[in-house]
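Hey, can you work out the whole structure from these sequences and the hints?
Quick note: to get the working numbering, add 21 to the position in the sequence shown (first position is 1).
It should be emphasised that the hints constitute simulated quantities derived from the structure, not laboratory data. Backbone N, C-alpha and C define an ideal beta-carbon position, used for all residues, glycine too. Among the hints, a few may not be true.
As the list claims (entries may be wrong) - Using C-beta positions, here's what the derived DEER-type ranges look like:
1. Leu66 - Glu87: 18 to 26 angstroms
2. Ser143 - Gly79: 33 to 41 angstroms
3. Arg45 - Arg141: 13 to 21 angstroms
4. Thr54 - Thr23: 16 to 24 angstroms
5. Ser143 - Ile50: 18 to 26 angstroms
6. Pro94 - Thr58: 18 to 26 angstroms
7. Gly125 - Asn44: 12 to 20 angstroms
8. Thr93 - Ser39: 29 to 37 angstroms
9. Arg45 - Gly79: 33 to 41 angstroms
10. Arg136 - Ile50: 13 to 21 angstroms
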Amino acid sequence: MTVLLMEHDSDTSSDLRSAIHANRHFRVIAHGTDDATVLALARTLLTDVVIIDARLDGIDALALCEQLRTLTPPPAVVIIAAHLAGADSAHRLAARGSVHLLRGSEPRDVVNALRAIGVRRSSSDPDAL
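This is the structure we're talking about:
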């Protein structure tokens, strides 16, 4: 699966990228630091998963997530946030199975979310995602 990573600092993103690349099924193919760039990259590259770090300044993770979900095909989304404004909206998105909400940013948690997305996609009708 291809991954688009929204990074906030090079040390954390390097650790996260290394953890993702340690699994041969996942590959970070692009990164962005703002909503417009991430949306444009997702639209152009048709990535399978977008990882959004909601701790970035000026990021409205839920608005970006909703925009990403309108793409065809829509990518799965992993949102990393200790606290997320609009938690009800986030939980509604998560209930659809297309969004994973993570409270921490440990690379292993992100990789586990990617694995869960991969399992769901391999056992589901792709047209229903």
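Each hint tested on the structure:
1. A hinted range of 18 to 26 angstroms holds for the C-beta pair Leu66 and Glu87, which are about 19 angstroms apart.
2. Take Ser143 and Gly79: their Cβ atoms lie about 36 angstroms apart, and the range 33 to 41 angstroms holds.
3. Between Arg45 and Arg141 the beta carbons are some 19 angstroms apart, a value that agrees with the proposed interval 13 to 21 angstroms.
4. The hint said 16 to 24 angstroms for the Cβ distance between Thr54 and Thr23, and at roughly 19 angstroms that hint holds.
5. Between Ser143 and Ile50 the C-beta distance comes to about 20 angstroms, which sits within the given range of 18 to 26 angstroms.
6. At about 20 angstroms, the CB distance of Pro94 to Thr58 agrees with the hint of 18 to 26 angstroms.
7. Here the CB-CB span from Gly125 to Asn44 is close to 19 angstroms, well matched to the stated 12 to 20 angstroms.
8. Checked against the hint of 29 to 37 angstroms, the C-beta distance between Thr93 and Ser39 comes to roughly 31 angstroms, which is consistent with it.
9. One distance hint, 33 to 41 angstroms for the beta-carbon pair Arg45 and Gly79, holds here, with the actual separation near 35 angstroms.
10. For Arg136 and Ile50, the hinted distance range of 13 to 21 angstroms is satisfied, since their beta carbons lie about 18 angstroms from each other.
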